[in-house]
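> Fit chain B to the known structure of chain A by using the hints.
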Amino acid sequence: MSSPAQPLAASLVQSVDWLAIAPPTIAAVVALAVLVADLFVAEHRKALLGWTSVAGLAAATLMLLPLLDGDRSTFCLTGDAAVCSYTADRFTLVIQFLVLGGALLAALLSVTALKDARKALPEGEYWFLLLSSAAGAALLPASRDLATLIVALEVASLPAFALVGLKYGDRKSSEAALKFFLSSVTATAVSLLGISFLYASTGTLYLTQLADRVQDVDGQLHTLADTGVVLTLVGFAFKTAAVPFHFWVPDTYVGAPLPIAAYLSVIGKAVGFSGLILVTVVALPSYADVWGPALAALAALTMTVGNVGALRQQATRAYSAVRLLAWSSVGQAGYLLVPIAAAAYSGDAEKSIGSTVAYALMYGAVNLGAFAVAALVGRTKTLNRVADYRGLYASNPLSALLLAFFLLCLAGLPPGIIGLFAKVTVFSAAVDAGLGWLAVIMAVNVVIALFYYLQWTALLFRAAPEGEAAPHRIPAPLTAALAVTGVLGVALSGAPQLVLRFTDTGLF
Amino acid sequence: MIDINESVMQFLLAFVVVGPLLGAAAALLPAPPGLKGKSPEQAVLRHGVTVTGAVLIAAIVLALGFDHDQPSKMQASTDISWIPALDVRIHLGIDGISLPLLVLTALLTFLCALYSYFKMPAGPAPKAFVALLLVLESGTLATFAVLDLLLFFLAFEMVLIPMYFLIARWGGEGRSQAAWRFILYTLLGSVVMLLGLLLIGLKAGTFDMMALATDNGRSLTTSVQVIAVLAIGLGLAVKTPMWPLHSWLPDAHTAAPTVGSVLLAGVLLKMGTYGFVRILLPIAPDGFRTFAPYLAALAVVGIIYGSLACLALAKQGAKGDLKRLIAYSSVGHMGFVLLGIATMTPTGVNGALFANIAHGLITGLLFFLVGALKDRTGTTDLDTLAAETGAALYGKAPRLGGLLAFAAVASLGLPGLAGFWGEMLALFGAFQPAEGLSRPAFLTFMAIGAFGTLLTAAYLLIVVRRVCMGALPQDAPRLTDVRSYEFAAWTPLVVLTVVAGLWPKALLGLSDPAVQQLLAGGTR
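Chain order of the listed sequences is A and B. 34 is the number of the first residue of the first sequence in our numbering; add one for each residue after it. 560 is the number of the first residue of the second sequence in our numbering; add one for each residue after it.
Next up, chain B with everything else stripped away, as it sits in the complex:
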């Protein structure tokens, strides 16, 4: 959109990745004179807001400077040799697939830092909190920016330790066990993924994603591709998470502090699906084709399973936890993303990428809202909240209730909001899967997935009915309505949800050329 010098773009991208790391180191040092603020706690939280804000600005400038006429071309790319012995290169770059995810990550982390500035989660001193948040940001941003398989693995692992500590130190009930589950599951997955990455790198002779994508699997035999896809897919599927490897997710979400849940759902899960699109689809297409029907089958099982679990949790007397419910709904939503990827068609993959972003925005918002609800009422248990008649949030805190209802209908995929396009396109892709994939099977998956949208609508409407509606007793205490800092943290998400819903071309125009090229293989 605006013309920015290529070396400035390179610097910006490097800054986006490295900046948070430097910020994390700085957060551990005592504040310099002049920046001491009211108290050390306030100073370090402000530091977090400043650094994430700077990174967000850099990401937005990157998006503005991005050549929107050539979204399939890697831009702002840097390529420096780092470890020649392992052939690891610091190769960074963004295209139409990674740019939206990069901006989403920077935005969500900034909003989380802003939210924590006013509402620090209960737990130890905020110094470590800010440092961990920044390391987490650096790891996720690096995952979307790097173009080297081993560097991707490094970035993938980098988020584990910060997220573990965020859950284990600032989380709620059962946090220690949930944190362990999270890190052990993910690590087991990612070590297996490393084996797959090494297999590809050693057999093809390079770890460079661009070179491998151009090669399009021609230098890898089918059996190597099959093994590699199985190993890498396993690691990515744990992260995504795909049914039946999802069981770490509900616990982690339930125990994590609000900002932890927001980042986990909004950003960390995307690392898995991004890996599918960036690594598996272009680099090992033959192997992926072998597993695509199974992936699609597991994806639709995930859709149905997630919805049924949510329905069960939403039922009266089930003692369902709202955070757990949203976590299960994530399993369902990520099922749509995986289904879209499994079709191996431009339509499906575009839909998957769109649903990725939409899920990040909407579920991030939902977790923020539920966290706010917990602050006010002290519980996220649906039965305690709603009792017999309903929590009557519309009456007690109308704005909060309205926002919750908005996020819920966005999540169920109401046309005109962000949730609609991604899932629609994913199902549409399944209607006409890529050549070599069984059409009847995918038609069945499509039908089941479509049924899943009905179930999704059902449980979300039940939630809205139980939490937002209900008779308001005369003597009921009013809850504090949305505070100004909450407005500040949530408005961007609401606005983007509407914009993405009304103007999907903004995102699809970016991702489509890049996806076309990835699937066709080779650079244009």
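For reference, chain A alone in the conformation it holds in the complex:
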């Protein structure tokens, strides 16, 4: 259609591949529908909104299936069909699956949380914000130009600020939202500045074109391009909650409703690191000598600070369980960064990226599972202290066993076999790239992390404190979330190939 013989009008009108963009679009459309419907749905029927959103997310996830047959691109340049803004390749699909599946699980947790909150949380707004954020997060891995990337990033994170601060009249909640908002907006501003520098020096926003042109920038513009690269990277590093941009995490998680903390811990991370991968590996491979060492140092710092922070949590402090999960998610973000850093050194960048993707899938499943158990315990013990988990096995054996399994997966010890092998791929990416020092630091971190994960696990099987309440019924949505994550974790432990194959095959 881009042949010069065609009339001008035809070349301006793009044909849109609706199937390719279906997953984020469905999420966005359902978000709007829910917002509008909120005005007309009677007060006692508000639960319908929740189930509509869950169905919408499920539909969006299912729409990934017809895309499996091959790579699709849309919103391409009319002059050059190879340069596109939206690409649904394997990388995109895997991350979209992680994001939408994770959002679906978070939505299941939210159904119960909203019901328990008894109108303390506005339902219509809640679902609208959650779905829009999920739509942005699903758009992000598919975007192949810097403008779409930033738009997607903002669509994913702006609703998240509101979600964090949604608890009416909760001082901690609004404070957390403000912290999150201010630091995030600063980061966005910084990366926007960086992107504008890059655009100024190369004249393009498309990642593939950028990769070519940034290599032979005019000598005068060299400094500008270099600054642009650094500023862009800093902005994306924030989104992964990498140290030193991590300080908002623990307070935000504690202040936010629990399902939102779960959502941020997985989808927020997925957004951050997929943006980082696109910027580093796809757009700026020629700057590998800049971002490689920087990311390696960042990874080492992040995992160390996160794990030490988790280690220092006192079991009896209020919300210590959520705090511990928050800090441990910072630590896990460090592991996720290791293969991206390794991609700078190894000959096969896609293989390294595959390790990050595989690890993220494992982490998504088990971390959401751990949050689901935390949500369950939080229903009766509102303070959600680690000490409250003492004797969980006696009152609720199945969920205690599941939590133990999830924690051991996160720690990477059998019986959490998938956690172990996901760590093995990360280690092997580091060793393969010659980053021995980083592998050793990670080894030490794995041991530190084991200490707090195992301490928590051991607590589950202790004798329960006196005066224990009778076990209560678990609501259906929570049961579903627990069942899905549990089955995923166990199935992956039996057949790790299901996620580890991404380390073996090309993603882009």
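Misleading hints may appear alongside valid ones.
Here chain A is said to cover these stretches of chain B; the calculated rule only asks that three of the stretch's residues, wherever they fall, bring their Cβ under 8 Å from a Cβ of chain A [what the hints assert, rightly or not]:
hint, stretch
1, 638-651
2, 718-732
3, 748-759
These are calculated hints, taken from the structure and not from any lab test. Where is the CB? At the ideal position from N, CA and C, for every residue including glycine.
This is chain B only, laid out in the frame that chain A set:
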């Protein structure tokens, strides 16, 4: 010995590894009708005895079906692809090196389950105890049966969680701290080991132990081998344990319940030395040669250190704990094993493997006996037990005293019992180490090691004198002598100690061809 179909052998080996895992899952479920027993506790303990018994029978049938004319050939091997992305294959197989360890593990676990059936350690419900015991068994058996580096690592890690809980939940005084020490030390070691394994696997392009052993380090540069041996050796040395990385061991042994100590000493420590023989010797020979003198030096330091620590503990007024003393003696005994491996000669390595088995039998028995002593007297403190004159166990419980004296002299290496051959061969190997190793250095090590045997004899005889002998006061209460279930649990160990001592060829005939082949590199 008897001809068994190869696919039956494959099934048996797979069953030996997977069976305990299934048993552990079944132990957590409520007992089916008809198997409820007298109480849920009794039913689950019986379940443990049944499963470990079935595994032991399978292991014995494997040993019978094993082609004893070709012990260097991998038998009953299965090779299925599991995770193609990481090139991990479920590759199982046994040869003359792993078979004795496999049978020893199955035997000791069965005896422990049997012992617990009658004498459950104090602590929470036995359901979890049985499940953890079975997971532990599966992990150790898998360590000896797998032939893939990453699978080996998986099996190596699998024992950590069960052992942690066994110590932390059913242990004695100071158990929580001891359990932490155990798991953190071992995990730190094994994560470093993982880095070494990955280095080998990535540089050589395969994780298959057989292929790597055949390659004999030819596709790895010397520097890669040196780094890999350092990393892997560190992980294995923590587990073995080698001086100065042993400090988790005495605490863990002292705090662990009797069966925990038995399995820790009898089986878990062997995983370390087995790794040295199975992985480091054939796969990275050049790297190992670089470190062999240091390994030998640390091994003899361990021998002397362990013996001196034991001597100090055995002294009157030292408030020495008997379990701690046996733990330190393990450090010394494992020193001999490491010395044998470090010689890189068939003699030394055979000796090391023999000493491995002997230590498993004898120290397992010793821990059982000391546990029984603690049940009867309530203490393992030597000074409380022996007071001024001695505990006079010969008088109070003659059979128990006799068995303790037997285990002690077996442990000091009396010719004619199992402890003798391994240490003798290890020292003999050091007399003429492999080519490329400094003979004077190894002669020195041999001399020091030989001196260590004297010290070992000294402290064990002191223990026998203080615990078994002594004047029996008229009004002293008699202790219950050996009960029938204790006889049942201990007799196999006693018998095997004597048999291995009188007929060492049974074991050496199995291990020697396999060791020759490993050291020569390549399959015949």
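> The structure should be examined with respect to each hint, and the outcome stated for every one.
Against the structure, the hints come out as follows:
1. Closer than 8 Å: that is the beta-carbon criterion, and the stretch 638-651 of chain B has 6 residues meeting it against chain A, so the requirement of 3 holds.
2. Requiring three or more residues with a Cβ within less than 8 Å of a Cβ of chain A, the coverage given for the stretch 718-732 of chain B holds, as 6 such residues are present.
3. By the rule of at least three residues with a Cβ nearer than 8 Å to a Cβ of chain A, the coverage given for the stretch 748-759 of chain B holds, with 6 such residues.
Against the hints set out earlier in the document, no violation occurs for any number.
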